[in-house]
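Listed below, chain by chain, are the residues.
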Amino acid sequence: DAGVTQSPTHLIKTRGQQVTLRCSPISGHKSVSWYQQVLGQGPQFIFQYYEKEERGRGNFPDRFSARQFPNYSSELNVNALLLGDSALYLCASQYRGTTDTQYFGPGTRLTVL
Amino acid sequence: QQQVKQSPQSLIVQKGGISIINCAYENTAFDYFPWYQQFPGKGPALLIAIRPDVSEKKEGRFTISFNKSAKQFSLHIMDSQPGDSATYFCAARGETSGSRLTFGEGTQLTVNP
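Protein chains in written order, with this note's numbering: chain V, 1 to 113; chain A, 1001 to 1113.
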């Protein structure tokens, strides 16, 4: 079975641009969470979506938004990119909600110049 | 506000030795404490997890020790191997915070042959 897949693997953008990152959860999983991992730090929670509804939001500005599609895949959008948005963006898949194990994808490495 | 503090930041152990990583948390609502292992270029992978109703959990060479009164938990890796060289993250999740995992800052473990 395929694990969590994310695309693209790497991305380079300039300040002020917009970016869209994509995630496909494990087959049968209905929940997707997004995390930002700055180099040398632990992942920070951004969003959780379950059954296409937002179920949690971390302490990130409104420039960050996300959505989940009927097939449970998800997109993370970041507008007006700042240098500080450079990070590894991780997607985590869960079967349902809170008590299930989170399985992480390999991440998308975003570099903002 | 960092709610999970992890130490040490880096650790060097000889092959066959014991690696010990410690974490402390502040939020008494946390009720699930996983450890994740992350190799370069990969997403975090769940290693072992514990709930506060037990003081210790062992899976193969990996053991979590949990001290609820001290709000501390630790990961012990017995018979450490060079293949264990990775970054280890402790994390915590609370019933009221949905799927949100709060991570420590990570420990870079190097096991010398």
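It cannot be assumed that every hint is accurate.
Incomplete in silico selection of chain V near chain A, CB under 8 Å [what the hints assert, rightly or not]:
1) G42
2) Q48
3) K52
4) G56
5) F60
6) P61
7) G84
8) S86
9) A87
10) L90
11) Y95
12) G97
13) Q102
14) G105
15) T111
Straight line, CA to CA, 30 Å or less: simulated DSS-like cross-link-like pairs of lysine-lysine [as the list claims (entries may be wrong)]:
16) A:K1042 x V:K52
17) A:K1015 x V:K30
18) A:K1057 x A:K1015
19) A:K1057 x A:K1068
20) V:K13 x A:K1058
21) A:K1058 x A:K1042
22) A:K1071 x A:K1057
23) V:K30 x A:K1042
24) A:K1071 x A:K1005
25) A:K1042 x A:K1015
Pairwise CB distance ranges, derived in the manner of DEER restraints [what the hints assert, rightly or not]:
26) A:R1051 x V:P61: 41 to 47 Å
27) A:R1051 x V:D62: 42 to 48 Å
28) A:Q1081 x V:E51: 39 to 45 Å
29) V:K52 x A:I1018: 32 to 38 Å
30) A:P1113 x V:R57: 44 to 50 Å
Bear in mind the hints are in silico, worked out from the structure with no lab data behind them. Think of the CB as a built atom: it goes at the ideal place given N, C-alpha and C, for glycine as much as any other residue.
Hint-by-hint comparison with the structure:
Checking V:G42 against chain A: minimum C-beta separation of about 3 Å stays under 8 Å; hint holds. About 5 Å separates the beta-carbon of V:Q48 from the nearest beta-carbon of chain A, less than 8 Å, and the hint is met. Taken as an interface hint, V:K52 does not check out: its beta carbon lies about 15 Å from the nearest beta carbon of chain A, beyond 8 Å. Contact between V:G56 and chain A, as hinted, is supported at the beta carbon level, the nearest pair being about 4 Å apart and thus within 8 Å.
Proximity of V:F60 to chain A is violated relative to the hint, the smallest CB-CB distance being about 12 Å (cut-off 8 Å). Given the 8 Å rule on beta carbons, the hint for V:P61 is violated: about 17 Å separates it from the nearest Cβ of chain A. Nearest Cβ of chain A to the Cβ of V:G84: about 17 Å, over the 8 Å cut. The hint is violated. About 16 Å separates the beta-carbon of V:S86 from the nearest beta-carbon of chain A, more than 8 Å, and the hint is not met.
Because the closest C-beta pair between V:A87 and chain A is about 13 Å apart, greater than 8 Å, the hint is violated. Nearest Cβ of chain A to the Cβ of V:L90: about 5 Å, under the 8 Å cut. The hint holds. The closest approach between the C-beta of V:Y95 and any C-beta of chain A is roughly 11 Å, which is over the 8 Å cut-off, so the hint fails. Restraint check, V:G97 versus chain A: the minimum CB separation of about 6 Å is within 8 Å; hint holds.
For V:Q102, the interface hint holds, the least distance from its beta-carbon to any beta-carbon of chain A being 7 Å, beneath 8 Å. Against a cut-off of 8 Å between C-beta atoms, the interface hint on V:G105 holds, since the closest Cβ of chain A lies about 5 Å away. Hint status for V:T111 relative to chain A: violated, with the closest Cβ pair at about 15 Å, above 8 Å. With a C-alpha separation of about 26 Å, the suggested pairing of A:K1042 with V:K52 holds against the 30 Å cut-off.
Simply put, A:K1015 and V:K30 have alpha-carbon atoms about 41 Å apart, too far for the 30 Å limit, and the pair is violated. Restraint check for A:K1057 and A:K1015: satisfied, since their Cα atoms lie roughly 23 Å apart, inside the 30 Å limit. Taking the CA atoms of A:K1057 and A:K1068, the gap is about 14 Å. The hint holds against a cut of 30 Å. For the hint linking V:K13 to A:K1058, the alpha-carbon distance of about 44 Å lies beyond 30 Å, and the restraint is violated.
Taken as a hint, the A:K1058 and A:K1042 pair is honoured in the structure, with Cα atoms around 25 Å apart against an allowance of 30 Å. At most 30 Å may separate the alpha-carbon atoms for a hinted pair to count; A:K1071 and A:K1057 meet this at roughly 16 Å. Note on V:K30 and A:K1042: the hinted pairing holds, with a Cα-Cα distance of about 22 Å set against a maximum of 30 Å. Straight-line distance between C-alpha atoms of A:K1071 and A:K1005 comes to about 11 Å, which keeps the hinted pair within the 30 Å bound.
About 23 Å separates the Cα atoms of A:K1042 and A:K1015, which keeps this hinted pair within 30 Å; it holds. For A:R1051 paired with V:P61, a C-beta distance near 34 Å fails the hint of 41 to 47 Å. For the pair A:R1051 and V:D62, the beta carbons lie near 35 Å from each other, so the given range of 42 to 48 Å is not met. One distance hint, 39 to 45 Å for the beta-carbon pair A:Q1081 and V:E51, holds here, with the actual separation near 41 Å.
For V:K52 and A:I1018, the hinted distance range of 32 to 38 Å is not satisfied, since their beta carbons lie about 46 Å from each other. Between A:P1113 and V:R57 the beta carbon distance is about 45 Å. The supplied range of 44 to 50 Å therefore holds.
Against the hints set out earlier in the document, violations occur for numbers 3, 5, 6, 7, 8, 9, 11, 15, 17, 20, 26, 27 and 29.
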